[in-house]
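Starting from the given sequences, assemble the full structure and let the hints guide the process.
Basically our numbering = 1-based index in the sequence shown + 173.
In short, the hints are calculated from the structure, not lab data.
Beta carbons: idealized from backbone N, C-alpha and C, even for Gly.
Among the hints, erroneous ones may be present.
[Unchecked claim] Here are the simulated DSBU-like cross-link-like pairs (lysine-lysine), alpha carbons at most 30 angstroms apart as the crow flies:
{"id": "1", "residue 1": "Lys383", "residue 2": "Lys366"}
{"id": "2", "residue 1": "Lys364", "residue 2": "Lys383"}
{"id": "3", "residue 1": "Lys383", "residue 2": "Lys442"}
{"id": "4", "residue 1": "Lys442", "residue 2": "Lys366"}
{"id": "5", "residue 1": "Lys383", "residue 2": "Lys535"}
{"id": "6", "residue 1": "Lys535", "residue 2": "Lys267"}
{"id": "7", "residue 1": "Lys364", "residue 2": "Lys442"}
[Claimed, not checked] FRET-style restraints, in silico, Cβ to Cβ:
{"id": "8", "residue 1": "Asn346", "residue 2": "Val611", "range": "33 to 39 angstroms"}
{"id": "9", "residue 1": "His289", "residue 2": "Tyr477", "range": "39 to 45 angstroms"}
{"id": "10", "residue 1": "Ser437", "residue 2": "Gly377", "range": "36 to 42 angstroms"}
{"id": "11", "residue 1": "Glu345", "residue 2": "Glu427", "range": "20 to 26 angstroms"}
{"id": "12", "residue 1": "Gly610", "residue 2": "Ser437", "range": "25 to 31 angstroms"}
{"id": "13", "residue 1": "Glu603", "residue 2": "Glu368", "range": "54 to 60 angstroms"}
{"id": "14", "residue 1": "Arg393", "residue 2": "Glu594", "range": "45 to 51 angstroms"}
{"id": "15", "residue 1": "Glu438", "residue 2": "Phe616", "range": "53 to 59 angstroms"}
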Amino acid sequence: MSLGILAAMNVACEARPRTSETEGAWKSSLDQPVDDDKDQNSQGESSLVIKQEIMKNNEESSPPDQPKPLLARMESGVVVERLEIPLEPLEFEKPDSVRGIYINAWAAGSRTRSQHLIDLANRTEVNTFVIDIKDASGYVSHPTRVEVAQEIGADQQIRIRDLLNLLDRLHENGIYPIARIVVVKDPLLTKSKPELAIQDTAGGVWIDEKGVSWANLYERLVWDYHLELAQEMIAIGFPEIQWDYIRFPDSPLEHLERATFTNSEGRTKSEAVSGFLDYVSAETEDYQVDITADVFGATTSLNYDLGIGQLWEEVVSRVDVILPMVYPSHYWSGSFDIEEPNNHPYEVVKVALSDGLERVEKLGSVGSIRPWLQDFTLGDPPYGSAEIRAQIQATYDVGIHEWILWNASSRYSEEGLFPAEGFPDGFEPEPTIRINGVVLSLFEHLKERHESDSIIQGDTLKRPR
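Given below as structure tokens:
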């Protein structure tokens, strides 16, 4: 992001220096809430009016087509009282191919845990961190300036006390940061503002089979709240906003029969999802930021809505990158004519991504595909290096060169990752992959495909510094 933001918000709260890095008794990353979409057991007008000054070299006035303002109630020169808005945010170089891991907010906020993960990236091919800014608990991870978050208490469980310091460290290590924001699964918003929740035909707020209430994606104020969070992240330098839970509940029919949606105005669920993406994209289009979205893995292969509002063509045509969650453990028996999908990670990912890629190519100029891959065990077999590598290799074999691994606790199988500088002579242990339910040599697989030069020996394993 090349724009300098000379501003600070007028928010009455305790001042905090940017360089604070206090651990205290912060909660272990093992105890963080798990998101069902990706967990190991299953997945009015904006109140923020923005003011900014654009800094241009040797120019005294703003250009005629100045960008839309980003953050609200900001006055130049005011001492920062919550999240600092840097005068000139860091600029991150986007890797040629994103190879990432998910970092939950507890891990990101712990100096020890985050350093372990940075060290992992430095040792391996990983070059990207997807960082929780707001997860399915409804809590915002940092001392946000967004007023709605403060009103509903979403800032009462701070997990990343110094987000700017974390960004500094990632920048120093050549790691590309992505801000993950969960949208409709938000029990804090629905409790404090029940009018924004999905309603129950029997009266009151609708509750799913797990006892969780959901925000209503037809409500414009739900859009505004999350846009404000995204704007805040853009202002501090995040180059990519990743939207998760941009959908409707996938609950059993007996629960969904009671759900009613205010302000739908005849729109389908898919139109609500598309409307949200159109809105946030339009409001951020003047800034150098990518807008990306997570979707169910099944959307790559199904040409109808599963009832959650996610249609492959509608989403991919509105984002820079679409991220299908093609976890083998989440496919039912018989998917792609595979009796045990979890035992065939290579085949499942390859077919799922091939389906999605074929549909994208028919559309022409739309977003690219970057799958979420599974680095956790759910059923048999236990997932380790062979299963992780099988999914990554399947991604490469269909012609996609980007991926992100999911583990809810942010603990990853390093043996499944390639070394940062490639394979030295005599590298041990030899990497393996699971194909057709059998663990095989990765090098033998590549030899058979005649792709070893392009996959292993090129610069694809070296992170740009």
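Tested hints:
The hinted pair formed by Lys383 and Lys366 meets the criterion: a straight-line CA distance of about 20 angstroms does not exceed 30 angstroms. For the hint pairing Lys364 with Lys383, the CA-to-CA distance comes to about 16 angstroms; that is within 30 angstroms, so the pair holds. A hinted pair counts as satisfied when its Cα atoms are at most 30 angstroms apart, and Lys383 with Lys442 qualifies at roughly 22 angstroms. Proposed proximity of Lys442 and Lys366 is supported: the alpha carbons are some 21 angstroms apart, at most 30 angstroms.
A hinted pair counts as satisfied when its Cα atoms are at most 30 angstroms apart, and Lys383 with Lys535 does not qualify at roughly 39 angstroms. At roughly 26 angstroms between alpha-carbon atoms, Lys535 and Lys267 fall within 30 angstroms of each other, so this suggested pair holds. Proximity of Lys364 to Lys442 is assessed by CA-CA distance (about 23 angstroms); at most 30 angstroms being required, the pair is judged to hold. Take Asn346 and Val611: their Cβ atoms lie about 37 angstroms apart, and the range 33 to 39 angstroms holds.
His289 and Tyr477 have their C-beta atoms about 43 angstroms apart, which keeps the hinted 39 to 45 angstroms range intact. A hinted range of 36 to 42 angstroms is violated for the C-beta pair Ser437 and Gly377, which are about 18 angstroms apart. Range check, Glu345 to Glu427: Cβ separation about 52 angstroms, and the 20 to 26 angstroms hint is violated. For the pair Gly610 and Ser437, the supplied restraint of 25 to 31 angstroms is violated, since their beta-carbon distance comes to about 45 angstroms.
Restraint check, Glu603 to Glu368: a C-beta distance of roughly 59 angstroms satisfies the suggested window 54 to 60 angstroms. Between Arg393 and Glu594, the C-beta spacing of about 50 angstroms keeps the proposed range 45 to 51 angstroms intact. Range check, Glu438 to Phe616: Cβ separation about 57 angstroms, and the 53 to 59 angstroms hint holds.
Hints 5, 10, 11 and 12 from the earlier list are contradicted by this structure; the remaining hints agree with it.
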